[in-house]
Amino acid sequence: MRTVTTPDSPAPVKPTSVSRWPDRSFHWLALLAALTLVGLIVLVGWELYRGSRLSIHQFGPRFLVSSQWDPVSDVYGALPFIFGTLVSSLIALVIAVPLGVATALFLTEMAPVRLRQPIITVIELLAAVPSVIFGLWGIFVLVPWLRDHFFRWLKDSLGFLPLFTGPIYGPSMLAGGIIVAIMILPIVTSVSREILRSVPNLQREAAYALGATHWEVIRIAVISYARRGIFGAAVLGLGRALGETMAVTMVIGNRPEISASLFAPGYTLASVVANEFTEATSDLYLNALFELGLVLLAITILVNAVAQLMLRSLAGGAGAKAH
Amino acid sequence: MTGLMGLSSLLVIAPLFLVLYFLIREGASSLDWNFFTQLPKPAGEQGGGMANAIVGTVALLGMAAAIGVPIGVMGGVYLAEYGSARSNYWLRFAADVLNGVPSIVWGMVVYAMLVVPFKTFSAYAGGVALGLMMIPLVMRTTEEVLVLVPQSYREAGLALGIARWKIITVIVIKTALKGIVTGVLIALARVAGETAPLLFTALGNNFWNHSLAEPIAALPLQIFSYAISPYDDWHRQAWAGALVLMMLILSCNVVVRFVSRDRR
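From first to last, the protein sequence lines are chains A and B.
Residue 199 in the numbering used here sits at position 199 of the first sequence, and the numbers go up by one each step.
Converting from the second sequence to the numbering used here requires adding 1000 to each position, the first position being numbered 1.
Pulled out of the complex, with its shape left as it was, chain B reads as follows (with noise of 0.2 angstroms):
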């Protein structure tokens, strides 16, 4: 039996290598200085690169922190500090639906209320999608964090008079805040992957973005428009896009994971 069970995670864990190791066998000859610099040439000619999507994916990543950090972060405030048991079990109800939400009903959603009234996909419209479903995420690692300041740091603030946003602010997150940090990197790398609210908010782009009110390319939807190309080039090119990202998403992970063995 017991074979039997670690037969079924090997199986479960295999995946992970399988696509890693296609990932560098398949992407890591094309990627080369050219890729990070380069715009995507046209289909048929060799070499290009990916420079815009990648510049384009931390511009939709720092939009979409822009607007799920602070409401998360607030929102975690709310639920650890202030709110009753019976509203926080609705609160983190709430965010666990909203956590259930598919991410292609976010690209829905920004679409019928940035893109329609705009008349233009915009890169805006991307990182308000990316940030309304960072929203939940950081607001739960938040609360969990911050209820974890032991209750004495806040009686010894009060003690002393302190308005009690000072101490929230002043003592409790700054004590938490390397879980908070913690919690925004995991939530960025989840959203850093996603493709499917980008299909029609952000759009895609093969050129430089001008203006954040115009579409704006991102790694995610170029690797999936390439992939499904029919071009063997493209292909390639796709790979490396993906290891790329792959790596952006690893390398979060693992500071994060560094970070938190510390705070232990």
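Bound conformation, chain A alone (with noise of 0.2 angstroms):
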């Protein structure tokens, strides 16, 4: 497709050596703003290693194993945001990817062809809606409805868990993990969608020649085919809810606590950055805040790269749409 090359053996005019450089100076432009790519990412990974370092220094590894947080007598440690951002991103997963990945099925495998584009927009849509939006709606709407149903409800029917005792507030764990699953369900859907429609036909086919019932066919065919790309638009959904901040800073609670109970608040490391960084009012309180921005940074560079991986070494590549 690329490999255009000029002709240049049997040239009978050759170019003038005046009207090539234009000509290269484009492909020079071309390539220094690729390499911005480049530049970009040594230059984020370098700006919050540089505003981190009084604390990386004072704290050493202790900062990521520590749970006290306290800006007053200037000691900090990062185990309550890692707890919280980690604990939120798994609710979400745990609601997100079954949610999409049955979606993605019905709209390749099942529903009628009338339908399929409609929903499509509608999730694309959705995907659209900034997170500020959702944080206003979270902290007016699904809150409050949490609290007084769905929480209630999970205390009763499933309180002997220790995941679901202790006071509801509302604002919680568990709230932050649902409004971080509305939030990258358009992403794990679409990308599950297009790894399901790379499911050769003939992998259908054969097991329908074998006497599979629709069902067998979706379960044997086209699930176990598409595991493992199912498995990266999960992760890449993980890298998504893990870098979350506005809307589950608005319903999460931001208290740095752990606690075993979903209905306990909970802080992130995006959120504690969102909430703090302008008050920061000592040098080391704005280092280690930088420093969680770093924590932050590393864990989703790293599961964003899995995820991509993982869908790139698939046939078709549809991790490459995956915006």
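Hints in this document: simulated from the structure, not taken from any laboratory.
Quantities reported herein were computed from a predicted structural model and do not represent experimental measurements.
Watch out, some of these pointers could steer you wrong.
Said to hold, decoys possible - Not everything, but these chain B residues come out facing chain A in the computed CB check (under 10 angstroms):
id, residue
1, E1026
2, A1028
3, G1072
4, S1087
5, N1088
6, A1095
7, V1109
8, M1113
9, L1219
10, F1224
11, H1235
12, W1239
13, L1250
We put the CB at the ideal spot given by N, CA and C, even for glycine.
Build the complex: two chains, separate frames, hints provided.
Structure (structure tokens):
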């Protein structure tokens, strides 16, 4: 596709050296723009590292395992935020992956053809809703409803589990997880759909030929063929979930606590930065916040890289379409 | 089984309608002429609007486009026209990794880059933060549409002895222009709603911005600070602002759909 080479061997009229320079500078300009990507990755890592040097020096690796976050005595530890980020993202995955994969299956295998495009459009529009609007809706609609109905019901029916004990405030780890689930559903669904669509029809026909029912075909031929890709979609969703900021900040309760109960308020890496960055009173405080950003960046880049490599290695490269 | 899957699809799409329903129910009543023409009022005073935030968002998007579009499009040109398969693999990988960088991190990076050295929050910093986020988005969509331009167009140009850069700008980019514009619009719609990168770059401002070197208001910032405030008046304003922002983003998406349908 992109290997056009200027025929240079039997050139009857040699292009003059004057006419070459615009071509060459255009090429260099394009290369420069493409290399900006690499520059940006380095820039992001370097600025976060530079901003957090004081804290890295002061606390060392203890920063990652200490759960003390005390701006008054200038002692900082990231554990409650790492915990909150991981737990809220896991809740989101537990909700979003089954729903997203089921929807993708519905769209590729079952839904009447007329219905498919409208549903896909709605899911794409859902992806366009800004985080802050989900947050607003979360504060005033979703959280009150969860508090008064869903959480109460959970507590009554599953209250024997330590996950669903303790007082119900409303803003909580579970509320944060649910809002993140809504936000990552579009990407999980659309990537899973790409994966399922890349399953060769031959695969399905072979299963039908063996006498499988529709559902068996889906289970045996489609899902098992697409299993790795779906896993990749889930990891990609996790990457998004980890970095979600505004909506989570608005509904998770923002308390640096590690609690077994999902009804208890939590705090994530992204939301502590969003809340406390402009209020950081000491240099060390600001450095600690930068280090939280560095931790967040490291986790998300790792997760995204894994997802991209997994999706890339599949035929068709469905991951390439996953914006 | 089909029923269960259909039900989950319903669950997946329900939030969009719920969000839109509440945006209209709570926001539409506060949308009046004043909302689009007046500055925010202090807490407790009735009325006021978000005129400065709407203008601020437009200004920020303009600056973001000034950074993101040229670099993104040129990068896309490199990927589609010049790059070898191997370098493209890594460049695309880099673009996808950058797409995954949490938006709050962009805010911190630009804070360290532009706010600390100049000792002030500024509209420039906000625009740069959004612009940097746009680069990988625009680059990927540009590449995707450029490779769709038939190879024979380029060969025809080469056969006529036209310089490579002219072939790319006059023939290839022109052919794919609609697709590139679509990609730019999608990227703009995406960053228009971003709040986290603006929190400590553009900061927000309750008054008109007189210089881009000063803090500037933006719709998402205003929605955020009003939503977490304790005042009912401000909550109503937040809903109205969210409705306006949502309409802005939705209309971008509708235009995109219209344009890309036309292309087929």
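Results for each hint:
Using the Cβ-Cβ criterion of 10 angstroms, the hint placing E1026(B) at the interface with chain A is satisfied: the shortest such distance is roughly 7 angstroms. Annotation: A1028(B) was flagged as interfacial toward chain A, and the flag is violated, the nearest CB pair being 15 angstroms apart, outside 10 angstroms. Because the closest C-beta pair between G1072(B) and chain A is about 8 angstroms apart, less than 10 angstroms, the hint holds. Nearest Cβ of chain A to the Cβ of S1087(B): about 8 angstroms, under the 10 angstroms cut. The hint holds.
A least Cβ separation of about 8 angstroms between N1088(B) and chain A falls short of the 10 angstroms threshold, and the interface hint therefore holds. Satisfaction of the interface hint for A1095(B) is found here, the shortest Cβ-Cβ separation to chain A being roughly 6 angstroms, below the 10 angstroms cut-off. The interface hint given for V1109(B) is met, as the beta carbon of that residue sits about 5 angstroms from the closest beta carbon of chain A, less than 10 angstroms. Given hint, M1113(B) at the interface with chain A, holds; its Cβ is 6 angstroms from that chain's nearest Cβ, closer than 10 angstroms.
Because the smallest distance between the Cβ of L1219(B) and any Cβ of chain A comes to about 9 angstroms, under 10 angstroms, the interface hint for this residue holds. Here the hint on F1224(B) is kept, as its CB sits about 5 angstroms from the closest CB of chain A, short of 10 angstroms. Contact between H1235(B) and chain A, as hinted, is supported at the beta carbon level, the nearest pair being about 7 angstroms apart and thus within 10 angstroms. This hint holds: W1239(B) has a C-beta 7 angstroms from the nearest C-beta of chain A, less than the 10 angstroms allowed.
Hint on L1250(B) holds. Least Cβ distance to chain A is approximately 7 angstroms, under the 10 angstroms limit.
Checked against the numbered hints above, the structure violates only hint 2.
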